[in-house]
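I would like the entire structure built from these sequences, with the hints used as guidance.
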Amino acid sequence: MLFRTLAKAEFRKLVELLLAANEVVGPKRVGTNVRGEPLHQFLPVSAFDELALDYANTEFPPKTYFLPYREDLCSYRFGDDDWTQDIRYQVHPRVIVGMHACDINGLVKLDKVFTRDTFPSPYYLSRRKNTLIIGIDHLPGPKCFCRSVGADLVERGFDLFLSDLDTRYFVAIGSDRGFGLLQRVDAKAITDEDRADYLALRHRIADAFETHVDVQNLPSLLDIEFESKLWKKWGDKCLSCGACAMVCPTCYCYGVHERVSIDFRCGAKVKQLHSCNLLDFAMVAGNHNFRPTRESRLKYRYYHQHRGFVEAYDEPNCVGCNRCGHACLVGINPPDVIADLQAEERR
Amino acid sequence: MTRILHGVDITRGASFRGVVDFNQRYRLQHVDRNFKSTITTIVPLTDMEKLFQLRIDDDAERATFGFLPGQFVMLEVPGYGEVPISISSSPSNKAYIELCIRRAGTVTNLLHRARPGAKVGLRGPFGTHFPTGQMKGHDVLLIAGGLGLAPLRAPIFDITENRAAYGRVHILYGTKDPSQLLFDYQYETWRRVGGVELSIAVEHADADWKGEVGLITHLLDRLTLDADDTFAIVCGPPVMFKHVCSRLSARGVPMDRMFVSLERRMHCGMGKCYRCNVGHTSTCIDGPVFDYWSVMNLKESI
Ligand SMILES: Cc1cc2nc3c(=O)[nH]c(=O)nc-3n(C[C@H](O)[C@H](O)[C@H](O)COP(=O)(O)OP(=O)(O)OC[C@H]3O[C@@H](n4cnc5c(N)ncnc54)[C@H](O)[C@@H]3O)c2cc1C
Ligand code: SF4
Ligand code: SF4
Ligand code: FES
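These protein sequence lines map, in sequence, to chains A and B.
Our numbering applies: residue -5 is where the first sequence begins, and numbers increase by one.
Our numbering applies: residue 225 is where the second sequence begins, and numbers increase by one.
Treat the hints with caution; some may be incorrect.
As the list claims (entries may be wrong) - Heads up, simulated DSS-like pairs for lysine-lysine below, C-alpha to C-alpha not over 30 Å straight-line:
1) A:K106 to B:K523
2) B:K523 to A:K231
3) B:K523 to A:K223
4) A:K22 to A:K182
5) B:K466 to A:K223
6) B:K466 to A:K226
As the list claims (entries may be wrong) - One-sided excerpt, in silico: chain B residues whose CB lies under 10 Å from chain A:
7) V232
8) L252
9) N258
10) G345
11) T384
12) V417
13) H428
14) D430
15) C492
16) G493
17) C500
It should be emphasised that the hints constitute simulated quantities derived from the structure, not laboratory data.
Remember, it's a predicted structure, so these values are computed and weren't measured experimentally.
Every residue, glycine too, gets a C-beta built ideally from N, C-alpha and C.
Here it is in structure tokens:
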């Protein structure tokens, strides 16, 4: 990996160049929650000062720019007894500024599913290739556990990644596109001092984690504890609302349905994100439901992320952002659920 | 406005040229392109099931389409929906494919009202298959319960068309009552031309029924089999294949020589939507055909 440093004014200049040329999306303050804390969302911005780069976390992940909640897979025009199918992928380029390491790692996991595995998805790939990503480091919040799942550092999946060294940014260059971008501003070669400051920051971030989750043994533990009463305990609380999957940067399950216009002239095949906690996730014709209980559905969210996904890709499908725990109205969150499972093992 | 970023059109790559081939699983291509097909013939089989013969309209697409016994397609009625259906015809038949469809919900009911000439969309083939190649030189036991005969018909064609390559071939088939028997017009052909031994049992006989009455396990218990040399394909509801497979296992047939086909909700067929998740994997990629040992290791698969 190549590194540079960038004075803060130069970074501003870079973003302003991008703003003048392309759509730029970044963390924007959108309000305050009931506790008076600021709320942020990844939204299009029109000026550099709209970017709140010191945001703690966003309620929704930037995943939506790659896996939108709803998208048309194709459209249909109907004639008499016949139809034509039209397929389009978005090619409209976009810049996302201010993604945290966990969210970039979330994309790297989605890349494995949607671009490297069987049947690569042109919809996802097109969005991925047409999005330039400038990430940024941050000090973890009290509930972040990305370090426990190896998602606190980024090695790939971005174009530029900034670490704030007070007077300047330390910039990791993740692609030739990012390298080219830096040539438009005054980026400097790194010095020994930059390197030392950057490493000191890394240690400061690593030491700041307050939440630790032990996931190493989960693939086998989840098999052993498959019938555990714990699932009923947590499942009984669950409202089956599906919020956890909607806010998760790595959840990708979906459903497909079709739509016709009122005059029957056109239609579309529509993909819409789904959640394994929703009642009909595994329901088939004749009203048979493979997962009729809340407990079994909740269990499978963990079973997929820490067992199935590990089986397929040798890593869990969780980046430790705790958005799901934060969104859950009844307090179901990975650190507590996993700690409960681990305690069960030790009993 | 001068763009710094230029749009990248991913479809300009070579992999997008030519006909979509779902057998090239790692190729970047139009995975949601369906092959427009015409329903050429519809054969009513029972009150609930009809057999649909489909011909892919485009010559190049039809020539590229090839499948193995046990694989399925995603059948789409544009504007209504898309459903997974096992292919019921012979893998060697390049002219048309056959799907045996039970009416169960929105799309399948609509199909039951369709007339020959209607256009539908097909994507596929998807999933794993029954390893009929590996079974060559051995005895084969094909066991179906109810609609399970639909996915079993492709391996039956495959095996009977290459009959000399196999040892003894038995088909055991059971349904609730005689009115539910599928493909009754083919039994004589399988017996005489295909050289297979076919035994049928119904749970509840009617006045005209002269055959066996009882469960499929009853037929199985009477069968003499060479456990060291037998492969089995078992299709039907989970309760049925569970009983059948544990009986076969007790008689010494290795679990990795018994194959079953699982059914789950499916929305893509490509390992993406994950609605077909079973245990730690997906039914559409690692299945629907699994050997019984794998099934035993998948949580809640039966
Ligand atoms: C691998 C596989 C092979 C199959 N082969 C056959 C076959 O050869 N013949 C046959 O009659 N049926 C078969 N089925 C079942 C068939 O897919 C369902 O009956 C069908 O999806 C019902 O759709 P519907 O729109 O009529 O019902 P609805 O209840 O209206 O279904 C709505 C949606 O739910 C999903 N869905 C509902 N039931 C099922 C189900 N059982 N399996 C998967 N998805 C479902 C579909 O995406 C469907 O579009 C197979 C299923 C699988 C998984
Ligand atoms: S957010 Fe909480 S209540 Fe809602 S489905 Fe997820 S775990 Fe259940
Ligand atoms: S902490 Fe929750 S929301 Fe965040 S990646 Fe893990 S499962 Fe998803
Ligand atoms: S049907 Fe979508 S993952 Fe299997």
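Status of the hints after comparison with the structure:
1. A:K106 to B:K523: 24 Å, holds
2. B:K523 to A:K231: Between K523 (chain B) and K231 (chain A) the Cα gap is close to 23 Å, so the pair holds against 30 Å.
3. B:K523 to A:K223: Holds. K523 (chain B) to K223 (chain A) sits at ~16 Å (cutoff 30 Å).
4. A:K22 to A:K182: Status holds; Cα separation ~29 Å.
5. B:K466 to A:K223: Judged against 30 Å, a Cα distance of about 26 Å means the pair holds.
6. B:K466 to A:K226: 27 Å, holds
7. V232: At about 5 Å, which falls below the 10 Å cut-off, the nearest Cβ of chain A leaves the hint on V232 (chain B) intact, so it holds.
8. L252: 5 Å, holds
9. N258: 7 Å, holds
10. G345: 7 Å, holds
11. T384: With a minimum Cβ separation of about 31 Å from chain A (threshold 10 Å), the hint on T384 (chain B) is violated.
12. V417: With Cβ-Cβ at 35 Å, over 10 Å, it is violated.
13. H428: 20 Å, violated
14. D430: Since the shortest Cβ distance to chain A is 24 Å, the answer is violated.
15. C492: Given a least distance of 7 Å, the restraint on C492 (chain B) holds.
16. G493: Constraint on G493 (chain B) satisfied, holds at 8 Å.
17. C500: 9 Å, holds
Against the hints set out earlier in the document, violations occur for numbers 11, 12, 13, 14.
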